[in-house]
Amino acid sequence: MIELPDLATGGLAVGIVSALALGGGLLRAQRQQARQRAEIAALRRQLDGAVKAFTAEIEHLAARRVPAAAQQMAHPHVPVPGPLHPQTSDTPIGPALEHVLNGLRVELAAQRTRIDAAAQAGMRGATREIQAALYRLQDALRGLQQKYDEPELAQTLFQLDHENEQSLRRAQVAAVVCGAWVGLAREESHLVDAVTGGQARLAGYHRVRIHNHLTAGTGLVSHAVEPVAIIVAELLDNALRHSAPDTEVLVNLEHVHHGVCVTVDDAGLGMTQDERAHAQRLVAGSEPILLTELGDPPRMGLAAIGQLTRQFDLDVDLSSPSPYGGVRAVLRVDSRLLSRIDPEERPPAASAARSTRPAERAETRHEPSVDSVARAEVAGTTHGYGTEHDDASDAASGHHAPRDTGGLPQRRRRRRTTTASGDTPEPNPPARRPEEAAAALGALQAGTAAARSAAGEPADDDRAAVSDTGHDDTDQTDHEHEGGTAR
Numbered sequence: 016m017i018e019l020p021d022l023a024t025g026g027l028a029v030g031i032v033s034a035l036a037l038g039g040g041l042l043r044a045q046r047q048q049a050r051q052r053a054e055i056a057a058l059r060r061q062l063d064g065a066v067k068a069f070t071a072e073i074e075h076l077a078a079r080r081v082p083a084a085a086q087q088m089a090h091p092h093v094p095v096p097g098p099l100h101p102q103t104s105d106t107p108i109g110p111a112l113e114h115v116l117n118g119l120r121v122e123l124a125a126q127r128t129r130i131d132a133a134a135q136a137g138m139r140g141a142t143r144e145i146q147a148a149l150y151r152l153q154d155a156l157r158g159l160q161q162k163y164d165e166p167e168l169a170q171t172l173f174q175l176d177h178e179n180e181q182s183l184r185r186a187q188v189a190a191v192v193c194g195a196w197v198g199l200a201r202e203e204s205h206l207v208d209a210v211t212g213g214q215a216r217l218a219g220y221h222r223v224r225i226h227n228h229l230t231a232g233t234g235l236v237s238h239a240v241e242p243v244a245i246i247v248a249e250l251l252d253n254a255l256r257h258s259a260p261d262t263e264v265l266v267n268l269e270h271v272h273h274g275v276c277v278t279v280d281d282a283g284l285g286m287t288q289d290e291r292a293h294a295q296r297l298v299a300g301s302e303p304i305l306l307t308e309l310g311d312p313p314r315m316g317l318a319a320i321g322q323l324t325r326q327f328d329l330d331v332d333l334s335s336p337s338p339y340g341g342v343r344a345v346l347r348v349d350s351r352l353l354s355r356i357d358p359e360e361r362p363p364a365a366s367a368a369r370s371t372r373p374a375e376r377a378e379t380r381h382e383p384s385v386d387s388v389a390r391a392e393v394a395g396t397t398h399g400y401g402t403e404h405d406d407a408s409d410a411a412s413g414h415h416a417p418r419d420t421g422g423l424p425q426r427r428r429r430r431r432t433t434t435a436s437g438d439t440p441e442p443n444p445p446a447r448r449p450e451e452a453a454a455a456l457g458a459l460q461a462g463t464a465a466a467r468s469a470a471g472e473p474a475d476d477d478r479a480a481v482s483d484t485g486h487d488d489t490d491q492t493d494h495e496h497e498g499g500t501a502r
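Take 16 as the starting number for the sequence shown in this note's numbering and just add one per residue.
If you're looking for bench data, these hints aren't it; they were derived computationally from the structure.
Note that this is a predicted model, so its numbers are computed, not measured.
Hints may contain errors.
Pair by pair, the computed Cβ-Cβ distance ranges are [said to hold, decoys possible]:
1) 105 to 350: 55 to 61 Å
2) 93 to 262: 45 to 51 Å
3) 94 to 127: 38 to 44 Å
4) 309 to 64: 47 to 53 Å
5) 179 to 94: 45 to 51 Å
6) 99 to 127: 25 to 31 Å
7) 133 to 101: 28 to 34 Å
8) 167 to 372: 30 to 36 Å
9) 179 to 78: 47 to 53 Å
10) 120 to 336: 31 to 37 Å
11) 309 to 349: 41 to 47 Å
12) 256 to 125: 33 to 39 Å
13) 312 to 64: 48 to 54 Å
14) 290 to 178: 26 to 32 Å
Here are the simulated SDA-like cross-link-like pairs (lysine to any residue), alpha carbons at most 25 Å apart as the crow flies [said to hold, decoys possible]:
15) 67 to 102
16) 67 to 51
17) 67 to 108
18) 162 to 150
19) 162 to 181
20) 67 to 137
21) 67 to 47
22) 67 to 99
23) 67 to 112
24) 67 to 111
25) 67 to 130
26) 67 to 77
27) 67 to 56
28) 162 to 178
29) 162 to 149
30) 162 to 152
31) 162 to 147
32) 67 to 31
33) 67 to 24
34) 67 to 79
35) 67 to 100
36) 67 to 83
37) 67 to 147
38) 67 to 48
39) 67 to 53
40) 67 to 52
Yeah, the Cβ is synthetic: ideal placement off N, Cα and C, and Gly gets one too.
Let the sequences and hints guide you as you build the complete structure.
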């Protein structure tokens with residue numbers, strides 16, 4: 016039989032063991048709770064760090080990466096910064112941010128194209144109105160040139176006509192850049208006439224020297240005449256603008272295996288490699304042209320060349336420097352855009368550069384008339400290409416161009432009329448400037464008018480004198496008109 020003290024001792028021992036076990040479990044629970052609290056605190060700190068890093072990455076995306084990506088659309092050389100923390104690229108956040116940038120680029124490109132198309136449409140409408148007004152002004156100036164024969168007034172009208180022609184060229188270039196048609200339809204014409212026509216549209220035309228090495232009768236098909244004239248005008252304009260005013264711009268027309276090349280060499284500052292590459296991309300016409308990419312103010316010359324080379328399958332190369340230190344521009348016209356024109360039936364303009372080929376020199380050994388020499392001397396190698404003439408104005412100005420000349424004035428040498436007495440005509444006097452010729456003719460007309468007023472009727476001597484000089488009122492009008500349109 017168990018005694019009471021032994022029972023109490025056993026119960027006390029069991030209680031102590033139980034208390035110890037309970038205390039140990041309580042201690043383990045407290046330690047586990049402390050560890051959990053530490054882990055929670057660490058996770059909270061990690062989460063706070065991740066939130067701060069994500070917030071900083073978003074702020075970096077908005078402040079640096081998005082503006083750089085938008086600027087890169089217009090300037091490809093601008094770099095786009097990477098993530099603020101490089102380790103972000105290995106997390107799902109990195110690809111998500113790149114998707115944001117790609118979506119931004121796509122949307123910006125679409126918006127730029129839409130806005131630029133709207134701007135081009137507005138500019139096309141504006142340039143159409145400007146061109147119409149300038150054509151009306153050109154007709155008015157031509158009418159005044161034919162109406163008045165005072166030398167000083169005629170010279171002023173010629174200068175105004177030339178300024179109007181330059182404004183018309185700028186409006187035409189802007190319209191071409193915006194996707195409009197060239198604006199003029201021509202018949203097939205001599206290629207040298209198209210080149211000199213582009214030269215005549217520039218302010219510094221007298222600095223251009225054209226060397227024609229083409230076979231006589233080398234022409235352009237109708238739809239290529241005006242584009243070639245525009246391209247040559249823009250290439251010459253760039254050459255004149257970026258070279259010293261006391262230097263010349265040389266133009267060479269030569270046959271190549273697949274057509275004809277028009278080479279323009281200037282002695283300017285030239286271009287760096289990046290500038291030349293950018294210019295080559297513009298004239299190639301392989302990429303769509305946006306007005307926002309042309310600078311402020313926009314430089315439309317090369318962009319217009321790119322539009323025309325793409326539309327008419329021409330080729331312009333700016334990749335090589337000029338041997339004179341400037342830029343060499345080469346326009347290649349494919350043989351399928353060339354035609355053959357009989358130089359006897361339809362000779363090129365009198366002011367156009369003569370061919371250096373022996374056959375061409377043999378055909379043009381006869382001496383030109385005095386007024387043709389004077390016009391060629393003052394105009395250099397220019398003529399009035401790009402101006403429209405109606406039948407009445409042609410008859411009054413002495414232009415004897417057939418209807419299929421494409422608007423290019425074709426001049427015929429005038430034969431001197433012999434006097435009734437059969438005297439041998441005097442040798443041709445030296446070539447004179449248009450101002451001197453106009454002044455002399457004005458003095459002649461004034462003297463003739465005074466003699467007629469004194470006699471009451473025209474005298475035979477006066478008529479013989481006019482006939483002997485080979486000029487009349489129509490010739491003077493023609494001479495003054497040539498000085499204004501040929502420039």
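Do the hints match the structure? See the list:
no.: 1; hint: 105 to 350: 55 to 61 Å; in the structure: holds, 60 Å
no.: 2; hint: 93 to 262: 45 to 51 Å; in the structure: violated, 36 Å
no.: 3; hint: 94 to 127: 38 to 44 Å; in the structure: violated, 20 Å
no.: 4; hint: 309 to 64: 47 to 53 Å; in the structure: holds, 48 Å
no.: 5; hint: 179 to 94: 45 to 51 Å; in the structure: holds, 47 Å
no.: 6; hint: 99 to 127: 25 to 31 Å; in the structure: holds, 28 Å
no.: 7; hint: 133 to 101: 28 to 34 Å; in the structure: violated, 42 Å
no.: 8; hint: 167 to 372: 30 to 36 Å; in the structure: violated, 42 Å
no.: 9; hint: 179 to 78: 47 to 53 Å; in the structure: holds, 52 Å
no.: 10; hint: 120 to 336: 31 to 37 Å; in the structure: holds, 36 Å
no.: 11; hint: 309 to 349: 41 to 47 Å; in the structure: violated, 28 Å
no.: 12; hint: 256 to 125: 33 to 39 Å; in the structure: holds, 36 Å
no.: 13; hint: 312 to 64: 48 to 54 Å; in the structure: holds, 51 Å
no.: 14; hint: 290 to 178: 26 to 32 Å; in the structure: holds, 30 Å
no.: 15; hint: 67 to 102; in the structure: holds, 14 Å
no.: 16; hint: 67 to 51; in the structure: holds, 24 Å
no.: 17; hint: 67 to 108; in the structure: holds, 13 Å
no.: 18; hint: 162 to 150; in the structure: holds, 18 Å
no.: 19; hint: 162 to 181; in the structure: holds, 23 Å
no.: 20; hint: 67 to 137; in the structure: violated, 49 Å
no.: 21; hint: 67 to 47; in the structure: violated, 30 Å
no.: 22; hint: 67 to 99; in the structure: holds, 12 Å
no.: 23; hint: 67 to 112; in the structure: holds, 16 Å
no.: 24; hint: 67 to 111; in the structure: holds, 17 Å
no.: 25; hint: 67 to 130; in the structure: violated, 39 Å
no.: 26; hint: 67 to 77; in the structure: holds, 15 Å
no.: 27; hint: 67 to 56; in the structure: holds, 16 Å
no.: 28; hint: 162 to 178; in the structure: holds, 20 Å
no.: 29; hint: 162 to 149; in the structure: holds, 20 Å
no.: 30; hint: 162 to 152; in the structure: holds, 15 Å
no.: 31; hint: 162 to 147; in the structure: holds, 23 Å
no.: 32; hint: 67 to 31; in the structure: violated, 53 Å
no.: 33; hint: 67 to 24; in the structure: violated, 64 Å
no.: 34; hint: 67 to 79; in the structure: holds, 17 Å
no.: 35; hint: 67 to 100; in the structure: holds, 12 Å
no.: 36; hint: 67 to 83; in the structure: holds, 23 Å
no.: 37; hint: 67 to 147; in the structure: violated, 64 Å
no.: 38; hint: 67 to 48; in the structure: violated, 28 Å
no.: 39; hint: 67 to 53; in the structure: holds, 21 Å
no.: 40; hint: 67 to 52; in the structure: holds, 22 Å
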